[in-house]
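Visitor: Chain by chain, the residues run as shown.
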Amino acid sequence: MADIAPDTARERIPTVIADGVDIVYRVNGTGAGRGSATAALNRILRRKQAEKAAGVRRVHAVRNVSFVAYRGEAIGLIGTNGSGKSTLLKAVAGLLPVERGRIYTDGQPSLLGVNAALMKDLTGERNVILGGLAMGMSREEIKARYQEIVDFSGINEKGDFITLPMRTYSSGMAARLRFSIAAAKDHDVLLIDEALATGDRKFQKRSEARIRELRKQAGTVFLVSHNNKSIRDTCDRVLWLERGELRMDGPTDEVLKEYEKFTGDGASKKPAKA
Amino acid sequence: MSQVLHTPPPAPAAPAPVPAAEHDLAALAARHGLSVSGARPSLPGYVRQLWARRHFITAFATAKLTAQYSQAKLGQLWQVMTPLLNAAVYYFIFGVLMQTRDGVPDYVPFLVTGVFVWTFTQSSLLAGTRAISGNLGLVRALHFPRAALPLSFCLQQLQQLLFSMAALAVILLAFGVPPAASWLLAVPALVLQFTFNAGVSMILARIGAKTPDIAQLMPFVLRTWMYASGVMFSIDHIVAKHGDGLPSWVGPVLQANPAAVYIDLMRFALIDSFRAHQLPDHVWLIATGWALLAGIGGFIYFWKAEETYGRG
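The listed protein sequences derive, respectively, from chains A and B. All residue numbers for the first sequence refer to the working numbering, where the first residue is 337 and numbers rise by one. All residue numbers for the second sequence refer to the working numbering, where the first residue is 141 and numbers rise by one.
One chain only, chain A, in its complex shape (with noise of 0.2 angstroms):
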């Protein structure tokens, strides 16, 4: 999966590329004048000359990070809490704005979720058209899916669900409402951030087979988990962040190895698989 030479390159069509990524935040509202008067004051009118001055602190969250990713790829992102994962995930999926280097990417990568497009006080119905909407479908392609989309999710498996507001579900029958709805479209380029942990454990089979079948149809999936189970089932190359640091780019199984030996993780567990 290393080799990424000019010739190999011919042959697999790039749909990302990473070149040289940093990734910087800037949070307000920290630091010696946290909180008071003049210091947002200061924060307002002084804004770019003096960001320190005014208690703005900078986080960078990805440093130097390049990558190229091919279509009919699943590549899974992995790595301790805070280290950068959903941040540059965030940026391939061009929702945030990088300090150096560029992000090329074929078409627009969309991050799965529909979850801030729909209203609870709607029924499922409706926010199955909406949250196809927002999504960019059409009306015909959602009319054409709308049967499948709400036969995935299993809403109506005990009752007539799918015509009552969304406030009445269960967390877990919206979560699955939810990813049905967002699962439904044919992305280019797929981000999944941690969304195969909803539902019940039938649910989480079918939804890892829809991502199996997404990835089929389109061209690439990254997924970010903290699960290696469901790394193992649906990725087949592994980005390590640690610190915001590419540790390590290759197959899933050879990254996964070294990711369980730094975390501790593959000892405690190794008694038990084997």
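Hint data in this document are derived by calculation from the structure and do not stem from the laboratory. Treat each hint with caution, since some may be false.
To be verified - Distance condition first, Cα-Cα at most 20 angstroms in a straight line; then the derived SDA-like pairs of lysine to any residue:
{"hint": "1", "chain 1": "A", "residue 1": "Lys552", "chain 2": "A", "residue 2": "Asp572"}
{"hint": "2", "chain 1": "A", "residue 1": "Lys456", "chain 2": "B", "residue 2": "Ala212"}
{"hint": "3", "chain 1": "A", "residue 1": "Lys456", "chain 2": "B", "residue 2": "Gln216"}
{"hint": "4", "chain 1": "A", "residue 1": "Lys456", "chain 2": "B", "residue 2": "Ser210"}
{"hint": "5", "chain 1": "A", "residue 1": "Lys565", "chain 2": "A", "residue 2": "Gly586"}
With chain A held as given, fit chain B onto it using these hints.
Guide: Below, chain B without anything else, positioned relative to chain A:
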């Protein structure tokens, strides 16, 4: 399980992620026609994207409108009840207690038209101010031209206004205002007002995205603007009666302000006792001018910061 992260050794066993090819990543991207993620589209491209999302804009507006009263027992009836109650309160205060009615024929239709038309602008601008800052979750999760949000909120207010207009028609007939062909003028007046509202909303949305504090300020600005726009009284009458000490330009300036223009146009369209001479000169020209200025200006101003919304 303790995870002590002393500076990890740089990339141990595995080969460096991208060995020699690092320098021609940009070339690789160019060869396969990849584009830079998160760049702002051109203005025509932006308009096309927005047009492609028109169904989302309308569906989002309708969804917000229906979700608003979905928990209430009377449900969607509140769409009509709320503006009627509003009008009743203003009638009680300004018509009965303060007697600003004097000299204005058909005072109730006059007042109610003013209140409804003003409420349209007021709630559009309030919603616009929070269009980005209040929907960061949506902006950070999904890709769509961000102008869809302020537009959608203005559309929601327009739908709300159409309910109010139905109530208004009943009030007009009840107070003996005859239906007339001039009622059709309400349509172009509304189109112009909507364009104006949408434009100003987009300006406020961009400012509000950078400085959310403006949302705290807006109610005061809007209240001042309301009292200066002749919602509950006729600017004409007040200036004629109490305006002795005022410079002569105050009346015309107040009447040419966009809120007053759109309110008076609607009154002129709907109420037969509201005559053309009460309107400022070239009123349609002024109304169109405000709409174009705010609409086009606001759209471009909003687009200029498209790639920055929802960040940081």
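Visitor: Determine for every hint whether it applies to the structure shown.
Guide: Going through the hints against the structure:
Taking the CA atoms of lysine 552 of chain A and aspartate 572 of chain A, the gap is near 13 angstroms; set against the 20 angstroms cutoff, the hint holds. About 14 angstroms separates the Cα atoms of lysine 456 of chain A and alanine 212 of chain B, which keeps this hinted pair within 20 angstroms; it holds. Our distance criterion of 20 angstroms between C-alpha atoms is met by lysine 456 of chain A and glutamine 216 of chain B, whose separation comes to about 17 angstroms. Of the pairs offered as hints, the one joining lysine 456 of chain A and serine 210 of chain B holds, with about 10 angstroms between alpha carbons and a cut-off of 20 angstroms not exceeded.
Of the supplied pair hints, the one linking lysine 565 of chain A and glycine 586 of chain A holds, its CA atoms being roughly 17 angstroms apart against a limit of 20 angstroms.
Against the hints set out earlier in the document, no violation occurs for any number.
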